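**Student:** Each chain, written out:
Protein chains: 2
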Amino acid sequence: MNAEQIMKSILLDTKKDGIQQVFFVGCGGSLAGLYPAWYLLSREAKTLRAAYYNSSEFLQATPAACGPSSLVICCSLMDTPETVEACRRARALNAQVIALVGSDNSQMVQIAPYSICYRNFDARKRDTNASETKLAWALRLAFELLWQKEGYAAYPQAMEGFEMLNDIVLAGLRYSDRRAPIFAQKAENETMIYVMGSGANNGAMYASSICNLLECMWTDSIAVNTGEYFHGPFETTDQNLAVMLMVGTGRTRALDERALRFLNRYCDNLTVIDSKTFGIDRIAPSVREYFDPLVFMPVMDIYNTALARLRGHCEQDRRYMHKVAY
Amino acid sequence: MNAEQIMKSILLDTKKDGIQQVFFVGCGGSLAGLYPAWYLLSREAKTLRAAYYNSSEFLQATPAACGPSSLVICCSLMDTPETVEACRRARALNAQVIALVGSDNSQMVQIAPYSICYRNFDARKRDTNASETKLAWALRLAFELLWQKEGYAAYPQAMEGFEMLNDIVLAGLRYSDRRAPIFAQKAENETMIYVMGSGANNGAMYASSICNLLECMWTDSIAVNTGEYFHGPFETTDQNLAVMLMVGTGRTRALDERALRFLNRYCDNLTVIDSKTFGIDRIAPSVREYFDPLVFMPVMDIYNTALARLRGHCEQDRRYMHKVAY
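Residue numbers (this note's numbering), protein chains in the order written: chain A, 1402 to 1727; chain B, 1402 to 1727.
Possibly wrong hints are sitting among the right ones.
One copy or two, either will do: identical chains are not told apart, so a pair holds if it fits within one copy or between any two.
Unchecked claim - With a Cα cut of at most 27 Å, we get these calculated BS3-like pairs of lysine-lysine: (1) 1550 to 1417; (2) 1587 to 1526; (3) 1447 to 1550; (4) 1417 to 1724.
Since the hints were made in silico from the structure, they are not lab data. Please read these numbers as outputs of a predicted model, since none were measured by experiment.
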């Protein structure tokens, strides 16, 4: 079933109360991949409610509101144990469950009544359509739900957005192919890199910080929301601080631009990544910001790859993950 | 009016639809102070929904759901411009608004129909009751709402918790007075300190990282959720990494203990702060975890103070805040 059919089926099945709340559940990068979908519902939904949880937190302190009128969207590439359990818990509570999985052999496909197999976008090979990623599937499900449940007015623009998405991602990657090595040279010896952004891009910023830098590069990194920056974090800023600033094209762009003005004065080691330069302006303003992180995610990966190449550090190197018991 | 009277008045005023959603809005430490209240509603409420936003994000991309059946709780010590504007926006949308303010002269008192003047707990002077802080007021409002709207069963235990809170905080501070200098000696020359925790303590962990370390100590810091730690961030861990681990007494304690087991193996520079040692076990298990961050917040401040003293760095020193235009 595609996203439209899945949502139709779920809404038919729950017609008495309907779906009243959506829980997005996952760990690390898989959780961050659900962020744009959560963000869409949190900003646009009139009666539907959305919540966003790490799988372990969802399991240990399961929300009392999770039940037959809830939809739980769980995401994991390779059956993360906590996420498999969260899937099971949601089913036991008679919630509707959609599993976003990396393979049809996933246990989550057995547990969840609905599942979608996504593909990771490889920013080097570029052989996957950007509409097939976990971010895109989750966002599409959220648009479907908004439309089918609340008659969301910008639905046609959203569908057009998905049509244009892959072209915009490819443009963003081509543009970044030339700029990423410049960043890598500046950041080669940095042991700490701040990643900043706002709005729908909070998830991409978080993933870029914890997956690209902490996990793959073994480099300390803080994800700083540009709206929070001036309320504490900016005190560490000086000319030497390495900062990657994601300037988005959504409604919170003003926050990113405010941080940009400040950083231009006090920081010498700044890399600005502005999604406007990728042609995302082609997408209708009403829905553009929700697509922003779907472009940023692969683009940020290009910067990470350039850094890895310069450092001779293999991005697949792990100290602990899948190597020791934990 | 006290918290009980404010909630009664709001529920009388909105009796047709009642309050369906609570938005917690603030910046930096003031936002983090609302976290325990948000966390309570997110886990315990059956029909009420809660959301948690930075004031600028709330302003730039105001949720479509914010309206007459919403309650917006805004917090700011000294009229943060974005938070004052968020207050005004919420009123313009006919939401009910409660302002948590640092002074009765706050502009927010003029804008919001309800306001409460809180007191900052000074971990050195200890001359304020811990039930008068922003964290305590917000949490009390949330308990009142849960009780009056949904008949929350553990309400009497919660009220007993507030009675015991100040004693537990004082015990936590006395306990930490002896341990904080040990932490400070280990961390004296660290340029990066991780702060870890989970559940209701996510806000205290965030505040400790961005307010104590980044803002007051000009020391880089990452706030890492113990449930997320194993999905990326743990790859930077080695014997030298400086880590402060908050082990809570709530339902997510298992996540903190899992991180503790791992850190005991791979990290030499670990400081464990376990709220169990503060006697928080006296509070009933049903509500204990919601009080955990109210104890951790002043306790973490003691560690920060010890570090400041050893470094001869004044905690009130700022490079930019209220010193340059931004």
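**Student:** Each of the hints needs a verdict: does it hold here or not?
**Tutor:** Hint-by-hint comparison with the structure:
For a Cα distance limit of 27 Å, the shortest separation of residue 1550 from residue 1417 qualifies both inside one copy, at 13 Å, and across copies, at 23 Å. For the identical chains of this complex, residue 1587 and residue 1526 are intra-copy neighbours only, at 25 Å inside a copy versus 46 Å across copies, given an alpha-carbon limit of 27 Å. In this assembly of identical chains, residue 1447 and residue 1550 lie within 27 Å of each other by CA distance both inside one copy and across copies; the values are 10 Å within and 21 Å between. With identical chains, the CA atoms of residue 1417 and residue 1724 are never at most 27 Å apart, being 48 Å at best within one copy and 58 Å at best between copies.
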